[in-house]
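Enquirer: What follows is the residue order along each chain.
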Amino acid sequence: MEIRVFDGVLDPLAEVSEYEQSKSELAGHFGATSIFVGTMRDRNQGGAVSAMTLEHYPGMTEKYLTRVSEEAAKRWDIMDSLVVHRVGAMLPNDPIVVVAVWSAHRDDAFKACRYIIDELKTRAPFWKKEMVDGGERWVSQDSG
Amino acid sequence: MEIRVFDGVLDPLAEVSEYEQSKSELAGHFGATSIFVGTMRDRNQGGAVSAMTLEHYPGMTEKYLTRVSEEAAKRWDIMDSLVVHRVGAMLPNDPIVVVAVWSAHRDDAFKACRYIIDELKTRAPFWKKEMVDGGERWVSQDSG
Amino acid sequence: MSISVKYFASVRDLVGKAEDAVDCGDIRSANDVWVQTTSVVMPPNTLVAINQEHARGGDRVRDGDEVAFLPPVTGG
Amino acid sequence: MSISVKYFASVRDLVGKAEDAVDCGDIRSANDVWVQTTSVVMPPNTLVAINQEHARGGDRVRDGDEVAFLPPVTGG
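Protein sequence lines correspond, in order, to chains A, B, C and D. If you read the first sequence in the working numbering, its first letter stands for residue 1, the second for the next number, and so on. If you read the second sequence in the working numbering, its first letter stands for residue 1001, the second for the next number, and so on. If you read the third sequence in the working numbering, its first letter stands for residue 2001, the second for the next number, and so on. If you read the fourth sequence in the working numbering, its first letter stands for residue 3001, the second for the next number, and so on.
Careful, some of the hints might be misleading.
[As the list claims (entries may be wrong)] Keeping only pairs whose Cα atoms sit at most 16 Å apart, straight-line, the calculated EDC-like set for lysine to aspartate or glutamate is: (1) C:LYS2006 <-> C:ASP2026; (2) B:LYS1129 <-> C:ASP2032; (3) B:LYS1023 <-> B:GLU1055; (4) A:LYS129 <-> D:ASP3013; (5) D:LYS3006 <-> A:GLU55.
By construction, these hints were calculated from the structure, which means they are not laboratory data.
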């Protein structure tokens, strides 16, 4: 299980591949991987967005990403999970977050992956500030 | 929307990355990608499996993968989808299938991805023959 | 014209051939195709496809159709 | 010892500072921390964290605690 928050360019599928290859104990044992990638869109709440800055609460963020991952591992029969979340300045089409779950079977993989991203969006202390026509605005709610 | 069946080595996340990059009309518009990878396990039905051969019904397979992808696109608000399925001889830890769905929001992406893999497993004409201790056996049911 | 017949996976192993062809003659259904082209009882979980569409054993088949007998599918 | 206070995102913009510290004195709750360290009304959707755990405004705070005021989260 790994969680990571960093300021920089996120290559989500490279993160998943590298993590999977680093965990030799997984090889041959998992049959299902569910991956979610969240990507910055160029529109939100009906308006064009040209750039975004993601702020977080260092320490608390990692604590909650770890907790949510552990909760998923208790609730479903999964073998491993990875969460990598980017912070800082980014542009439309930039990946923001990747969640991956490895399991023997697909039902557990899908449900655990969905749980982690849903809980991340509800509980992990991240905030988005968007650059829109006319200035900046803090995003006030999850856009789904 | 793309579906593909081929005999060879499948690099599932490279397929997803390449497809996404080839679809420039997606850039900036999607916010959620749900990806499922099915991978060969080294055990099934309680016994060790050393190798596997996947057979299919050429023509009918492609027809049903297309149909299932189209059904998902009608039922949920998605922007694009990709299904790549490997056939032929393979070994444990080899990826067998990848499904990816791009959408504005995560609920549609997750549900459409789950629908495609579930329906693929129910309706698309693929058959697995496993090499086990003592010989070969046709797999008689979906292992999840 | 005739009906082309395909057998897949464990069904192919059972009947000992991958393909066949049969004159339409008095064949009306996919089940009739099985009876005319094999000497074994159809396994109870066998699936039928007509022209690469899932179908039922009792469904009508016609000259030029492609009829296939499939075991339960196990892809993905 | 004292209570360290953090303000994030739109809450930081509102109060005009990212951090503060306040003596425990007669402070009992996170809400008391807000009142003692800011001159504005707490926005109704403000979240409170005590020692990096989600908490409630009325929850008890003690000397050495880290209290944070957060707008609704929008990650992922």
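Enquirer: Check whether the Cα positions of B:LYS1023 and B:GLU1055 lie no farther apart than 16 Å.
Expert: 31 Å, violated
Enquirer: Holds or violated: are the alpha carbons of A:LYS129 and D:ASP3013 at most 16 Å from each other?
Expert: Measuring from Cα to Cα gives roughly 12 Å; hence the hint holds.
Enquirer: Please verify whether B:LYS1129 and C:ASP2032 have alpha carbons no more than 16 Å apart.
Expert: Status violated; Cα separation ~28 Å.
Enquirer: Measure nothing beyond the straight line between the CA atoms of C:LYS2006 and C:ASP2026; if it is 16 Å or shorter, mark the hint as holding.
Expert: 19 Å, violated
Enquirer: Is D:LYS3006 close enough to A:GLU55, meaning Cα to Cα at most 16 Å?
Expert: Given that 16 Å is the threshold and the Cα spacing comes to 13 Å, the pair holds.
The structure fails to meet hints 1, 2, 3 from the earlier list, while all remaining hints are met.
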